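Produce the complete structure using the sequences and hints provided.
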Amino acid sequence: MSQRDEERDHDIYIIPHNFIEGGKVFGGMFRMRNAVEAGVLALATGYPILKLSMGLYGRIVLLCVITLPLVLFAMIGIGDNSLSEFVINFFVFLRKRRVLGEDPDMPVEEDLSKAKKVFRRFGNLFKRKMPARKVEVNPDDFEIVYYDSEDEIPDDAAGWESFQNPEKPSDSAKEKKKTGRGKKGGKGRKKPPRVKPEDATTLEDYLPIDNVENGILKTKDGRYIKILEIEPINFLLRSPREQRNIIFSFASLLKITPIRLQFKVISRKADVNQHLQKIREYMATEKDARCRELQKDYFNLIRRVGSREAVTRRFFMVFEYQSPLATRRVEYKEIIAMLETTARNARSYLRQCGNDVVEHDNEDEFISEVFYTLLNRRSAVNITLQDRVASTIAKYITSTDDKQLDDISANELVKPLAIDFTHSRYLVMDGLYYSYLIIPSDSYKMQVVAGWLSLIINAGEGIDVDIFFYKEPKERVQQKIGQQIRINRSKIKDTSDTNTDFDDLSGAIQSGYFLKRGISNNEDFYYLSILITITAGNVRDLEWRISEMKKLLISQDMDAKVCSFQQEQAFLSSLPIVSMDKKLFDKAKRNLLTTGAASCYPFTSFEMSDDSGILMGVNKHNNSLVIVDIFNSRLYKNANMAILGTSGGATRCRDDKSAA
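Residue numbers (my numbering): 496 to 1155.
Because the hints were derived from the structure by calculation, they are not lab data.
In this text, all values refer to a predicted model and were calculated from it rather than measured experimentally.
Watch out, some of these pointers could steer you wrong.
[To be verified] Capping the alpha-carbon separation at 25 Å, the derived lysine-lysine pairs in DSS-like fashion look like this:
(1) 940 - 1046
(2) 591 - 1077
(3) 691 - 1011
(4) 1078 - 591
(5) 1046 - 966
(6) 988 - 969
And the structure:
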C-alpha cells in the first residue's frame, strides 16, 4: 500500500462488549433477573390459588387470569428495566416528586428597582467569605458603592456608621465572633447541616455547590472539582494522519488524568443580534443608496436564516481531586496544587491536539457563570450573571433580615427560579422542558472511527452531551476478567449455538480476551457512559427532538433510552461535578481500553459565528450559519487561510448566492 493510500485510510477502534455477561434463559429471550422475578411471582400468587377450596376448573381460571399475566409481564419487563426496577423507580419518583423554588408561573425577570446603581468592583464574590471591603449605603437612592480599602472611603460617606456600626455589633455578629464563623480555620466554626437532595425544600439546599474559591468548586459531599473550558477544532476536516496524531495525544492525556473525568458539551441557539446591530450601524453610515439596498437584503437574509439555524457550543473538561493517600489528611493548599498541576498537564496535551484552554480573568466567576447558564438557560439570555449578583446584593442590603453579605452563597447566585420534578419523562426549569436519555451498555457500535461522537455532539440546538470516563485499577480488573472468562466458558458449553444467549456469551468471552491483551500491553481500563440532555420550549417540541435523536442514533446502529421516573437523578448527573447516578451508570457503562476511549475525542465542532464577520454560507452538517471575520488575527492565527481549516475552527459550507 502506498503512503498516499495509507494516509487516506481511517483507523478503526474497538469498543468491546462488556466482559461481564450473566447470560439469558429460554434461548436467550429473557434476562436472568426477569426470569427469577417471574418465578417469585408465580410462586407467590400461584401457590395460594392452588390451595383454595374450589374446583380445579376455577383454580385454572384464576391462574390464567392472575398468575400467568404477572409472570409474562415480569419476564418481558418494562422498557429496559425489570419489573422490580420499574416499581422501585416509580415509588421513588412518587416520593420525590415536587416543585422546588418559587411559583414557576411567575415572570423570570429580575427586580433591579431597589438598586439604581451598582458599581461592580467587588472582585471575587463567590467565596464563602466576602473580601474585606467597605461598603457605603445611601438610603436615599439605594446606591451601592464598593471600595477596595478603607482609605478610599470619602470623609462624607453617608450611612457608613449606621450600616457598619462597629462600636455596637449586632447579635448575629456577636454570634459569629462567639462561634468563630468568619475566621479562617476557626476552631468553633459551625457549618450548616448537610441536606440530602431528596429532603431539600429550597434550591439553595438542593444544589450541590458548597463553595467556589481559588478556581475550585467544592461540592456538598466534600469533593473538589476543577472545570476547564476548551476551544474545539473541526476534527473531521483533518487528514487521517492528523486525526491519528490527535487521538494519540488525547490518549496520552487520558493516561495521566484523574480516575474520574467528565466532558460536557453545551449547545444553544447562537445570538445573532449583535451581528444584526453591526449591520444596522453600517447601514446608517452608508451614503450610497444602492449599497444600502444590498445591506438591507443581507440584513433580511441573516435575520431569516439565523433566527432558526445559528448554533453555538461550549466544551468543558471536568475532573475531581483524588487523594494519593486516603489515610492522610490533606491540606487545602495541596489540593489546589494537585488540581492546578493536572490542569497544566491538560493544557499541554490539548495543545498538541490543536485545542486551546480558555483563560479566564476570574476563575471563580467563570465557574459560577457555567452553572448560571446551565440552570437559567432561558433567562440568562437577557439577564447576565453580573445583573443577578447586583440584584442579590441590593436585596440583602435593603432587606431587614439579619443576613450579611458574607452569607451570600454561590447557590443563591446561580439558582433558577424553580425546578418542577412532577413529570416522569421530563422536568421543567426556567420555563424550558428538559429530558434526559442514556445510551444503554449494549447499544454501542463495536467498531468506530476517530471522532465518532461528532455526530451526536453536533446534533443541533438544545442538545447537550455528557461523557463520563471512570478508570479502574488494572490489577483488580485483570483478576475479574480472568475469573469471568472462566465462568462464561463454562456457561457456553451448555448453550446451543442457535440461541441468542450463545452469541452474548461468545461476545463476552471475546471481549474478555481483547481487554486482557490490551491491559497486558499497558493500556488502561475504562468505563464509558453517555448522558444526553434535550431541551425545548414545550412538550410537543421536546418529544419531537427525542424522536429525532433516537432516529439519528439508530442510523448509526445505536440506541437511546429516556430516563423515565429518573429525570431528577439524570439532572444531577448532568451537572459538571463528575458524579453520575449509580443506577444510571450501571445501565449505561461500557468497558473499553485507552485507545477506544481516545476515539471518543469530544472537542469537535462544525460551526463558526463571528459578530463582525460576513456570511459565507450554511453548514451542510447541521445547517448552522458560517459567519467569519477572516481578518481577525486574534481568533485566527492564519487569517487568510481561516476558511480552509488551518485555524482549527473552519467548516464545510454549501454555496449561498444570496450570501455572496
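Taking the hints in turn, this is what the structure says about them:
Of the pairs offered as hints, the one joining residue 940 and residue 1046 holds, with about 15 Å between alpha carbons and a cut-off of 25 Å not exceeded. For a cut-off of 25 Å, the pair hint linking residue 591 to residue 1077 stands: about 17 Å separates their Cα positions. For the hint linking residue 691 to residue 1011, the alpha-carbon distance of about 40 Å lies beyond 25 Å, and the restraint is violated. A C-alpha spacing of about 16 Å is found between residue 1078 and residue 591, which places the hinted pair at or below 25 Å, so the restraint holds.
About 31 Å separates the Cα atoms of residue 1046 and residue 966, which puts this hinted pair outside 25 Å; it is violated. Our distance criterion of 25 Å between C-alpha atoms is broken by residue 988 and residue 969, whose separation comes to about 29 Å.
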